[in-house]
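Participant: From first to last, the protein sequence lines stand for chains X and L. For the first sequence, position 120 (counting from the first letter as 1) is numbered 120 according to our numbering, and the numbering increases by one without interruption. For the second sequence, position 21 (counting from the first letter as 1) is numbered 21 according to our numbering, and the numbering increases by one without interruption.
Mixed in with the good hints there might be a few duds.
Pairs count within a copy or across copies, as identical chains cannot be separated in the list.
Unchecked claim - Calculated cross-link-like contacts (lysine-lysine; reagent style DSSO-like; alpha-carbon spacing at most 27 Å):
hint, residue 1, residue 2
1, LYS34, LYS176
2, LYS34, LYS151
3, LYS151, LYS25
4, LYS34, LYS248
In short, the hints are calculated from the structure, not lab data.
There are 2 protein chains.
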Amino acid sequence: MNNAMFDLKSYLFAKQQKINKTLDKILTQESNSKRIVSAMRHSLMASGKRLRPVLCIAAAEAAGGTEENVLYPACALEMIHTYSLIHDDLPAMDNDELRRGLPTCHVAFDEATAILAGDALLTLSFEILASNNKRHFKKEINESKRLDVIKSVAIASGFRGMIAGQMMDIESQGSKLDSNKLEILHFSKTGALIEASVYSGAVLGGGSRTQIEQLKSYGRNIGLAFQVADDILDVEGDPKVMGKAARKDADLDKSTYPSVIGIEKSREFAEKLVNNALKNIDSFGNRSDPLAAIARYIIERDK
Amino acid sequence: MNNAMFDLKSYLFAKQQKINKTLDKILTQESNSKRIVSAMRHSLMASGKRLRPVLCIAAAEAAGGTEENVLYPACALEMIHTYSLIHDDLPAMDNDELRRGLPTCHVAFDEATAILAGDALLTLSFEILASNNKRHFKKEINESKRLDVIKSVAIASGFRGMIAGQMMDIESQGSKLDSNKLEILHFSKTGALIEASVYSGAVLGGGSRTQIEQLKSYGRNIGLAFQVADDILDVEGDPKVMGKAARKDADLDKSTYPSVIGIEKSREFAEKLVNNALKNIDSFGNRSDPLAAIARYIIERDK
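Just need the whole structure built from these sequences, with the hints factored in.
Facilitator: Right, dumping it as structure tokens:
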């Protein structure tokens, strides 16, 4: 089912180039405030893995679509991710000074600008999702799909998804969560938007109902695996490689998988999730090689 | 053209009741974080004029549509307005402690919660705009209109609209703007979302191209008039009536219409804008009575 010869590194590099070029292009739009655009650009164009847009594109390709079908929506997902990082890094939240190897937005600019830059990226993401960018969408079939994607992305990143996760994360500092609550927190905080990224690609790429469901399950599994791997990295990772501080969770007294079930069991859990994800895309053949490779990469990465 | 007998007070009261009921209903959705919903509710359900949703409904009615066509989208506009207030009130921005007669969100909760509650209301607004709420939309004709509205609202509230205005407002503190720059700032900060509210109502209410253009111009004129009137109120208003602090602009050394062109010329300018707005809706007959009354109210209100 999975092609061991598939070259993930080249695949990621090619997609990241395309995504970065498109993000750059989107940010050339005029604004009456140069400062807000500089701040948006600072955080958005810092080197990132571009995991969410890559997943969106890879899911579209697995479902029979093309990169062109979803390039702009994919970029919108990266904007939502970046906005969440900018706000999470604020002094009132995680108070981080380093992100993607650069000063965080409020350090490079100031708090007010960082709050507004995050707001602006979130808002821009919905503009992009609602726009018929470069006429890549076939109008007659895709308006209801586009509305479905906007709604799904909003739910995943909103008060029943990512924002609930961040709020729970803050609320639970200093208290010990059980593994059930931790799973809800982790899925909300990170998994929901990852799942939505895969879902969006599957829908806009023209997947069948069954394919969309399979890809969504894949997204759900790797979304949670990603956050478990992040917890492990926070304990074991090298800040220089990660481009951000390590051991922040322990400093902030957060419940994490390693702290709740131990580091070995956390590794086993992440591996189980990735194996489930691989099963979800079993029927796609070679077309899901990138998704399979990304699933494995998620628990093997060092940043 | 305008019916002097039209009872604006009753009209506003009836619409506000309906809007508040709908907002309340939307906020009963489950979340894994009770705290985030409490904070959203605190700011959203505080007594507000509901100007933007009322304008959306009134524009829909003027264009031949009904309240039911636009009730949910109208509520989405109030959510965007409320999110902008929550973020603008933050210590890093205007540092306000009182809003709509209640403690601001970060005072009632804390800064992290207020940032997230604002983010959540913004995100929820796009979920609502993308949702086929209660099947009030006729699917076949309205999907492209709904996408148009999402895009227009995102542009009006994003980095080329409201957020640019807030950024310019902060950037210009301590420096004197000329009246041209002040108009750009004011239109961006307040006018753009008001214009988009009227536009959304006109589009979703089924207005003709000409009607939509006329209503949009009306929205543009009253949007700017509203901010000029706000500047005047900040100088002359009673904090007890307004439910928020007065004389904040002078304290923060902000450029305002009264500080740039004087209070009398500001009044004349606001009146001119409202007269232009009344001309824009001249051809609608009685159907635009509410819009005409709201235009006059905007410069006659005491809060």
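Participant: Evaluate each hint against the coordinates.
Facilitator: Quick rundown of the hints versus the structure:
1. In the homo-oligomer, the alpha carbons of LYS34 and LYS176 lie at most 27 Å apart only across protomers (18 Å), although the nearest pairing inside one protomer, at 44 Å, exceeds that limit.
2. Taking the shortest alpha-carbon separations for LYS34 and LYS151, only the inter-copy value of 22 Å comes in at or below 27 Å, while the best intra-copy value is 31 Å.
3. In the homo-oligomer, the alpha carbons of LYS151 and LYS25 lie at most 27 Å apart both inside one protomer (25 Å) and across protomers (18 Å), since each shortest distance falls under that limit.
4. Taking the shortest Cα distances, LYS34 and LYS248 sit within 27 Å of each other only across copies (25 Å), while inside one copy they are farther apart (33 Å).
Violation of the numbered hints given earlier is absent; every hint is satisfied by the structure.
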